[in-house]
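K.L.:
Residue-level listing of the chains:
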Amino acid sequence: MRLLQGNEAVALAAVKAGCTFYAGYPITPASEIMEWMARLLPKRGGVFLQMEDEIAAIAASIGAAWGGAKAMTATSGPGFSLMQENLGYAAMTETPLVVVDSQRAGPSTGLPTLPSQGDVMQAMWGSHGDQPRIVLTASGVLDAYRMTVEAFNLSERYRLPVVLLLDAVTSHMRENVELPEDLEVVPRSQPTSLEGFQPFGGPEFLPLGEGGRFVVTGLAHDETGKVRATDGAALERLLKNKLARLEQDREKITHYRARYLENARTLILAYGITARAALATVEHLRAEGYPVSFLELLTLWPFPDHLIRPLAHKVDEILVPELNLGQLAWRIRAAADATPVRSLGRADGMLFTPEEIATEFKRGEMREVGHA
Amino acid sequence: MPKVGHDLSEYLRTSALPTVWCPGCGNGSVVQAIATALERLRLDLDQVVMVGGIGCSSRTPFYLNLNGMHTTHGRALAFATGIKMANPRLKVIVTTGDGDGLAIGGNHFLHAARRNLDLTVILFNNGTYGMTGGQQAPTTPEGFRSTTNPIGSIEHPFDLVELVLAAGATYVARTTTFDFDDMPRMIAEAIQHPGFAVVEILTQCPTYYGRLNQLGDAPAMLDYEKDHTAPIPQLSRADMLGKLPIGVFRQEVRPEFTAEYAEYTRRVGQGGGGDA
Numbered sequence: 001m002r003l004l005q006g007n008e009a010v011a012l013a014a015v016k017a018g019c020t021f022y023a024g025y026p027i028t029p030a031s032e033i034m035e036w037m038a039r040l041l042p043k044r045g046g047v048f049l050q051m052e053d054e055i056a057a058i059a060a061s062i063g064a065a066w067g068g069a070k071a072m073t074a075t076s077g078p079g080f081s082l083m084q085e086n087l088g089y090a091a092m093t094e095t096p097l098v099v100v101d102s103q104r105a106g107p108s109t110g111l112p113t114l115p116s117q118g119d120v121m122q123a124m125w126g127s128h129g130d131q132p133r134i135v136l137t138a139s140g141v142l143d144a145y146r147m148t149v150e151a152f153n154l155s156e157r158y159r160l161p162v163v164l165l166l167d168a169v170t171s172h173m174r175e176n177v178e179l180p181e182d183l184e185v186v187p188r189s190q191p192t193s194l195e196g197f198q199p200f201g202g203p204e205f206l207p208l209g210e211g212g213r214f215v216v217t218g219l220a221h222d223e224t225g226k227v228r229a230t231d232g233a234a235l236e237r238l239l240k241n242k243l244a245r246l247e248q249d250r251e252k253i254t255h256y257r258a259r260y261l262e263n264a265r266t267l268i269l270a271y272g273i274t275a276r277a278a279l280a281t282v283e284h285l286r287a288e289g290y291p292v293s294f295l296e297l298l299t300l301w302p303f304p305d306h307l308i309r310p311l312a313h314k315v316d317e318i319l320v321p322e323l324n325l326g327q328l329a330w331r332i333r334a335a336a337d338a339t340p341v342r343s344l345g346r347a348d349g350m351l352f353t354p355e356e357i358a359t360e361f362k363r364g365e366m367r368e369v370g371h372a
Numbered sequence: 001m002p003k004v005g006h007d008l009s010e011y012l013r014t015s016a017l018p019t020v021w022c023p024g025c026g027n028g029s030v031v032q033a034i035a036t037a038l039e040r041l042r043l044d045l046d047q048v049v050m051v052g053g054i055g056c057s058s059r060t061p062f063y064l065n066l067n068g069m070h071t072t073h074g075r076a077l078a079f080a081t082g083i084k085m086a087n088p089r090l091k092v093i094v095t096t097g098d099g100d101g102l103a104i105g106g107n108h109f110l111h112a113a114r115r116n117l118d119l120t121v122i123l124f125n126n127g128t129y130g131m132t133g134g135q136q137a138p139t140t141p142e143g144f145r146s147t148t149n150p151i152g153s154i155e156h157p158f159d160l161v162e163l164v165l166a167a168g169a170t171y172v173a174r175t176t177t178f179d180f181d182d183m184p185r186m187i188a189e190a191i192q193h194p195g196f197a198v199v200e201i202l203t204q205c206p207t208y209y210g211r212l213n214q215l216g217d218a219p220a221m222l223d224y225e226k227d228h229t230a231p232i233p234q235l236s237r238a239d240m241l242g243k244l245p246i247g248v249f250r251q252e253v254r255p256e257f258t259a260e261y262a263e264y265t266r267r268v269g270q271g272g273g274g275d276a
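Chains as they are written, first to last, in this note's numbering: chain A, 1 to 372; chain B, 1 to 276.
Hints may contain errors.
[Stated by the list, open to error] Where chain B lies over chain A, by a calculated footprint (3+ residues, C-beta under 8 Å):
no., stretch
1, 59 to 67
2, 259 to 266
[To be verified] If you anchor each label on the Cβ, the simulated ranges turn out as follows:
no., chain 1, residue 1, chain 2, residue 2, range
3, A, His128, B, Ala262, 35 to 41 Å
4, B, Gly242, A, Glu236, 52 to 58 Å
5, B, Gly242, A, Gln190, 53 to 59 Å
6, B, Arg254, A, Pro107, 27 to 33 Å
Keep in mind that the hints were calculated from the coordinates and are not lab data. The structure displayed is predicted, hence computed values, not measured ones. Where is the CB? At the ideal position from N, CA and C, for every residue including glycine.
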């Protein structure tokens, strides 16, 4: 059992997952990840670099991936905004990369020390153009550890950037945790032979300098890396193949926790730090006899429609507390079909208490029976 | 001196030809100079990575038969930093332009020079943004026209040489596409230099810079380069007026970053830096 901070758990997990390169830039509330990596990596023969800004941090990380390293960077909202162009580059070039965003309340400099879930949409849609990405989140220190390892594994398996969303509280809280020893670590998959090898479109990743002499580019290209800058067919083919592969593996990629799914009329659906309050709410309400259920998403993108749709059909309403003004509620509505989705959002840098969520739930109950 | 008609096709990615460059563009001369330098150095081409940003000159990695990385606008040096640090055995050469390297990528340039990481930068300076159609660059001289300054620039241009000398580059040279012997010699020296090496090459853009400033066609622009530059020590201060000095401005060995980092990891491995 160890007393660990969320950010420290991310750093330890990254090393566990085989990360040998970290480039970053200081920002609250993510800085401790960088400080831990600065202590952990050089001792293990890895590379730690403090860069001149977040754009350089992610650029160096992508470069390092092509130099043969498993690479990670971490930041918060303002830095995450700066990284968006190169996140798109990582998607376009099928680069395995982990980006941790410890969310603070925005927009702009906002509330630098206070938690938020305001980057949920940015994490998926922040960069121009359609692109495959995976977005994970965590609601505690042990989750932060497990999801960091999973982020590396998914980035290797699918050759794409994986974003792990934390928040100021999950990053800074300390919990006693037993770190799992038996977590699977997916190694980088390199081609066994260069004969007929194509550097793009397949699961095997060939770093620069290992033969083959191809060009990695953000321009539209085909499987060989040849530029197809005025012919979008190759680009669309690569993109659709990758998205289809994610779609096919959606259940494997989707991590979640569910409680009290039987005999429920209201589903309280939450993620990240808000899920802790939501679970406490559901437990209190159940004790009071209310038919409520609980779902916590640990995978946000690709969006788990396959999980939510059948659950939505079994309840009268879905209540979504989140630390933004309804970003994921908007997406949940698309999966919920006719089931009403009630957004309970806040963007004031404060967490929800279980009482606040319960009060909102009961207000809906009152409306339904005609008291309001 | 590169021999006329000398076959350098081994160093070219012929499948990527023809280039995107306009007739008369100086970039092809620089590619020939790079190929010549590579031939002289007899490097294992599998161990050479060429990195570009965005812009005409940043397309160079497509045309040389090396490992290539064509990155995002202004960020080539940051990508190159990651590649080199992840695998210090690789020779990493960055091709960039004056817009890519000194405007959007200016900050990365200063910090890469400060670290003295073993990278070679070849900056093609044509005084304009060619790929987007001839807008003002941070190198456009005062009074010179661009599509965004129809009667001439009122801004003061950067002097790349002075900038990177101040920032800590340990090999700094400048030449022009007119100086056909200088180019491969300086590029070869820069690649061999153990540290952050910069070669600025003034190159002609007859399509935009030349046309907008009535400098004539490509041969006329090469004459213009010749008339407006002079070797560093040869002229008096008065004679240098209006001329840009060319030559090798610095060539000295200082602690290089990958070596310093290796030493740093050795020190922390011996118990420095606390328990972790």
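K.L.:
A separate judgement is required for each hint: does it hold in the structure or not?
P.N.:
Outcome of the hint check:
no. : hint                              : result
1   : 59 to 67                          : holds (count 9)
2   : 259 to 266                        : violated (count 0)
3   : A/His128 <-> B/Ala262: 35 to 41 Å : holds (39 Å)
4   : B/Gly242 <-> A/Glu236: 52 to 58 Å : holds (53 Å)
5   : B/Gly242 <-> A/Gln190: 53 to 59 Å : holds (56 Å)
6   : B/Arg254 <-> A/Pro107: 27 to 33 Å : violated (44 Å)
The structure fails hints 2 and 6 (numbered hints given earlier, in ascending order).
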